[in-house]
Structure formats: C-alpha cells, structure tokens
Amino acid sequence: MKSATTAPGDVTSFSLGLALPLGAAFAIFFVLPLAQLLYLSLHNDTAATVWGLGQYIKFLTDPFSLSVLGSTLLLGAEVTLACLVLGYPIAWLYQRSGSRVQTLIIMIVLLPLLTSVVVRTFAWIVILGRQGIINSVLQSLGLIGTPLRMIYTQGGLIAALAQVQMPLMVLPLITAIGRIDPNLSDASASLGAGSWRTFVKVLLPLSMPGIIAGCTLTYAAAITAFITQSLVGGGQMLFMPMYLYQQASTLQNWPFAAAISIIFLFAVLAIVALFSTLGRRARGYGDIR
Amino acid sequence: MSRRQHNLEALSFQIVMTVIAILALILIVSPSLVVVIVSFTSGFSLKFPPPGYSTRWYLELWNAWQLQFAARNSVVVALWSTGLSIVLGVAASLAISRSKRLTAKLLDSLFMSPLVLPALAFGLAALMFFSLIGLPVSLLTLVIGHTIVCVPYVVRNTVAALAQLEPTLLESSAILGASRLYTFRRIVLPLIRPGIISGAFIAFMSSFDNVPVSLFLRDAATDMLPIRMWQDLEGKLDVTIAALSSVLIIATIALMAIMERTTGLSKRLTG
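In the order they appear, the protein sequences are chains A and B.
Residue numbering for the first sequence follows this note's numbering, beginning at 1 and increasing consecutively.
Residue numbering for the second sequence follows this note's numbering, beginning at 1 and increasing consecutively.
No wet-lab data here; the hints were simulated from the structure.
Keep in mind that this is a model prediction, so the values were computed, not measured.
Mixed in with the good hints, there may be bad ones.
[Stated by the list, open to error] Selected chain A positions facing chain B (in silico; Cβ < 7 Å):
1) L16
2) P21
3) I133
4) M166
5) A220
We put the CB at the ideal spot given by N, CA and C, even for glycine.
Work out the full structure: start from the sequences and follow the hints.
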C-alpha cells in the first residue's frame with residue numbers, strides 16, 4: 001500500500017529528475033547571486049575587503065534611512081487597506097453576477113495587471129497633473145481658481161498604486177468567496193441576522209484566507225513598485241526601491257546598496273510571514289464553524 | 001426585527017456593496033481610457049479634454065527610432081524568456097506536482113520565491129553576480145534574469161492544470177499499452193495545454209513589462225521599452241508616449257480577448 005505512489009512502475013507520477021534543469025538554473029542564477037549579495041553586505045568598505053556589520057549599523061542608526069523604511073512600510077499598509085475596501089465589493093459583486101458579467105468584471109480587473117506598468121502610471125500623471133482631468137473639471141466648474149497639486153502627493157500615490165495592484169487583491173478574494181457555501185448566508189438570515197450582521201459574522205470571517213492572500217500580494221507589490229513610486233511620488237518622497245537604486249547606480253556604493261536590499265528583503269519576508277501566520281489562524285477559525 | 005426592516009436592511013447592504021464595486025471598477029478602467037483619448041490630441045500637451053483630435057502622435061511613433069529599438073529588444077527578450085520558462089517550467093511542474101516528497105515541496109517554494117522577493121534586490125544581485133563571473137551585460141543576461149522572475153507564472157499555472165488531471169487517465173492509457181512518452185504526448189499535454197498557455201501569456205507580459213531586473217541588467221546597447229519610457233517620462237511629458245501607451249493598451253486588450261477565447265483565462269485565474 002505505502003509504495004503505491006512511489007513504485008518505479010507507477011505511471012501516474014513523473015520522475016523528480018525533470019525538475020533538475022530548472023533547479024540548476026535557480027541554484028546558479030538565483031541562489032548564488034542572492035548569497036553573493038548577502039556576502040557583499042557584510043563588508044565595511046566599498047572594495048569589500050574588511051568584514052563587518054558596518055553597513056547595517058549605518059542604516060539602522062541613520063534617522064534618514066529609517067524614515068525611508070518606515071514610510072515604505074506605511075505606504076504598503078495604506079495601499080493594502082484601500083485595495084481591500086474597494087476590492088472586496090468587486091469580488092462580492094462577481095459572485096452574484098451571471099457568467100457574462102463575471103467575464104466582464106474579470107477582464108476589467110485583469111487589465112491593469114497586464115498593461116505595462118509605465119503606461120498605467122503615465123495615465124495617473126495625465127489624471128492628477130496640473131492640466132489633468134480632475135483639475136480641468138474643477139476649474140471649469142469654478143470650484144477652484146488655481147490647479148490643485150495632486151501629483152507628487154501621498155494621496156495621489158495611494159490612488160495610483162491601489163488601481164495598479166487591485167487585481168492582486170480581487171483574484172484571491174473571488175476564489176475565497178466562491179468557496180463559501182451560500183446556504184450559510186441563508187441560514188444566518190433565517191436565524192434572524194440582518195445582511196450587515198451576516199456580512200460581518202459569516203461572510204467576512206469565512207473569506208479570511210482570501211483576504212490574507214490578497215493583502216500579502218498587494219502589500220509586497222505596493223512597497224516594491226519602483227516605477228509608480230518614482231513617477232507619481234516624484235522627488236519629494238523617497239521609498240526603499242529608489243533608495244536602493246540610487247545607492248547602487250548613482251553612488252556606486254554596492255555594499256550599502258546590498259545591505260539595503262537585504263534589509264528590504266527581510267522586511268518583505270517578515271510581512272509575508274506575519275500574514276501567513278494570520279492565514280493559518282484564520283483557516284483554523286474557518287474550520288471550527 | 002420586522003420583515004420590512006429586514007428587507008430595508010438587506011437593500012442598504014446590497015446598494016452600498018454594488019455602488020462601491022462599480023466605483024472601483026470605474027477607477028480601474030478610467031486611467032486606460034484617458035490615455036487612449038489623450039493620445040489622439042492635436043495639441044502638444046497632455047491637456048484633458050484635448051483641444052482637438054488628430055493621429056499626428058501615432059505618425060510620430062514611426063520616427064521614434066529609440067522607442068522602436070527598445071521595443072524590439074523587449075520583444076526578443078520576452079520571447080526567449082517565455083520559451084525558456086515553458087521548457088524548464090513545464091518539466092519542473094511535472095516533477096513536483098504529482099510527487100509527495102519533501103524535496104518536491106521545497107523545490108516548489110524555491111521556484112515560487114521570485115514572486116515575493118523584491119525583484120529589485122534580485123536585479124542588483126544578478127548584476128553583481130554577472131560582473132563577478134565576467135559575463136558582460138547583454139541580451140543574454142537579460143534573458144537569464146527575466147526567465148528567473150517569469151518562470152513562477154508558468155510553474156503555478158501548469159501545476160494547477162496538472163492537479164486537475166485524473167490519474168486514472170494515465171493508468172488507463174498504460175493498461176492499453178501506451179508508452180509513457182506516448183501518454184504524455186497524447187493525453188497529458190493536450191489536457192494541460194490551456195494551463196501552460198495562460199501561464200506563458202502572463203510570463204510573456206511580465207517579461208515585456210519588467211523594470212526591476214532590466215534596470216540593472218541593461219545598458220545603452222540593450223535598451224528595454226519600459227525603462228526607455230520611464231526615462232522619457234522623468235524628463236518631460238511627451239505625447240508620443242501617450243500614443244505608444246495607447247497602442248500597448250489596445251494590444252493588451254486584444255491579446256486578453258484571444259486568451260479568453262482559447263484558454264478561458266478568467267476561469268483559470270479565479271480557480
């Protein structure tokens with residue numbers, strides 16, 4: 001019995017050796033470079049001859065660097081929240097629609113995911129700019145005299161990032177809500193709970209795995225969104241990706257850039273790990289019922 | 001609670017959810033629409049609404065040789081990366097998807113990790129690695145870098161397609177005397193093909209659009225389209241970029257429609 005899936009004559013599984021070419025490619029071109037990055041970050045000088053934690057100490061004791069890290073993590077949280085508030089109703093509407101409307105919704109949601117990131121961001125410059133739509137509408141209505149400054153602001157950046165990352169939130173939500181037994185909502189209603197109560201007590205907790213998956217993806221994507229951050233955020237706001245790029249490309253300070261990369265990488269991993277711990281809890285919660 | 005109150009409450013819930021959903025969908029679509037409209041302006045600026053309409057900026061694209069050069073490089077790199085991702089990714093998916101071994105699980109996480117790690121950190125790491133081993137920046141280094149970050153899409157979609165494949169089909173085929181290769185060609189491949197194609201489609205699009213890896217692995221001789229556009233936009237707001245953007249948006253919608261027809265992309269991504 002126990003050898004049923006591993007017997008050499010088993011025709012339903014394939015040799016693990018088929019993963020060898022990709023495994024080798026990852027070992028050489030993914031694991032080795034990241035190991036080298038870590039190695040380089042552990043040197044105090046640019047020529048990488050003196051070992052030490054100097055680069056990390058430099059980052060973690062510098063208020064400027066810390067504020068860049070802090071504002072990046074905060075930006076991710078704000079974008080994720082915006083995506084959740086706007087994305088959940090989309091997923092809810094999807095599950096209540098007929099198949100034609102469903103396909104339309106999915107196509108709309110997928111569009112930003114598949115359009116070039118520069119194009120998506122460029123569109124926001126056109127919308128938020130001094131001569132952009134919002135300003136010209138407000139001006140023609142006589143509501144404002146001089147154009148508002150929306151581009152290069154935190155609010156503009158959050159709107160642009162939320163639009164760009166929306167699919168990453170909506171797709172897992174659609175999957176999660178689709179798995180909920182519709183009878184549970186009916187049961188809740190027949191026991192006297194109103195729609196809002198059913199939403200908060202039944203729908204929301206049961207879709208928690210999707211919420212967590214969506215939040216993980218949007219958070220990671222929002223804080224690493226180099227192009228949108230640089231074009232809509234402009235020079236006023238500095239976030240980790242641009243900080244890293246400046247140190248590496250403009251200043252050629254590779255060990256410090258490497259240390260920034262490693263710190264950034266661990267920040268992302270910590271967030272992902274946090275979300276997945278929450279996810280395991282949520283699944284347990286869902287199973288109790 | 002009375003029935004009447006109950007109905008009112010249900011209605012309020014439905015109205016709030018539907019209104020937010022529709023506003024959010026408009027928020028998602030409108031930027032693309034705006035770009036397409038603005039690209040037909042007869043003026044020199046990105047004013048909205050445009051003062052008049054013309055196709056002059058599309059004609060301008062014919063002369064934008066820097067953009068064309070970058071676009072060609074991007075297509076070449078995306079085609080090679082997608083091809084490599086299909087060959088390496090499908091083989092790896094076959095190996096890991098039907099195996100319960102710990103090695104298979106570890107390999108699966110390894111192949112998925114580029115999706116969560118900041119790609120910019122990988123781009124910098126790859127640049128330092130290539131300079132260490134003495135491989136100069138070229139289309140080859142770009143293809144290698146892009147393949148690493150695009151292969152997860154192929155693996156994820158192929159593994160999902162394989163998970164839906166009935167093992168009994170493979171057994172029946174073997175019982176009827178088919179060789180493993182024949183079964184693979186005639187049974188497995190046709191059944192998982194839509195999964196492979198939609199994974200490859202997303203891999204192609206994300207390679208064509210890749211910034212974080214290209215940023216470090218390209219130079220003037222291997223300029224890539226998204227980087228060229230980004231650098232143009234940092235300098236000035238060029239209407240030519242609007243025309244190019246609108247071409248890319250329309251091409252994307254056309255490709256999405258084709259993928260939906262041939263592989264049922266939307267159903268595949270919502271599982």
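Is the shortest C-beta separation between L16 (chain A) and chain B less than 7 Å?
holds, 5 Å
The hint names A220 (chain A) as touching chain B; please verify it with the least Cβ-Cβ distance against 7 Å.
holds, 6 Å
Hinted contact I133 (chain A) with chain B - closest CB pair below 7 Å:
holds, 5 Å
Report holds or violated for the interface hint on P21 (chain A), using the least CB-CB distance to chain B and a cut-off of 7 Å.
holds, 5 Å
Agreement of hint M166 (chain A) with chain B interface, Cβ distance less than 7 Å:
Result: holds, 6 Å to nearest chain B Cβ.
The structure meets every hint from the earlier list without exception.
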